[in-house]
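**Student:** Under the working numbering, the first residue of the sequence shown carries the number -13, and numbering increases by one thereafter.
To be clear, the hints were calculated from the coordinates, so they are not data collected in a lab. Errors might be hidden in some of the hints.
[What the hints assert, rightly or not] Here are the simulated BS3-like pairs of lysine-lysine, each with C-alpha atoms no more than 25 Å apart in a straight line: (1) Lys35 x Lys20; (2) Lys53 x Lys35; (3) Lys20 x Lys44.
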Amino acid sequence: SKLMSEWMLRDAAIAHDIRYTALRYFNVAGADPKGRTGQSTPGATHLIKVACETALGKRPFMQVFGKDYPTPDGTCIRDYIHVSDLAAAHRLALQRLRDCGESLVANCGYSHGYSVLE
-13 SKLMSEWMLR DAAIAHDIRY TALRYFNVAG ADPKGRTGQS TPGATHLIKV
37 ACETALGKRP FMQVFGKDYP TPDGTCIRDY IHVSDLAAAH RLALQRLRDC
87 GESLVANCGY SHGYSVLE
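Build out the structure end to end from the sequences listed, making use of the hints.
**Tutor:** So, in structure tokens, the structure goes:
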């Protein structure tokens, strides 16, 4: 599991006097604003990609799974992060590791969730 990997990193850092950074991703979405990269897998079922393709008429409909969650609209809530912001988080984490030397475990999200229907 991801948590087990973090524990292994921590233990290795203690045993071998190394530093590390573990970034915890939330729901990554979006593409490079300049259009250089993005989700290009034709059969991908990622929510944001499917919603955009449906809005553009590339898919006939978008099926929403799970409508009985204890949320205002019944769909699950997720904290999405744009891929460009996640790339920046990687850059900043590496810079921090180089500058201050402390190991780091960080959540990468906006601390604000949106439901599937939102």
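**Student:** Would you pick out the hints that fail for this structure and give their numbers low to high?
**Tutor:** Nothing - there is no hint that the structure violates, so all of them hold.
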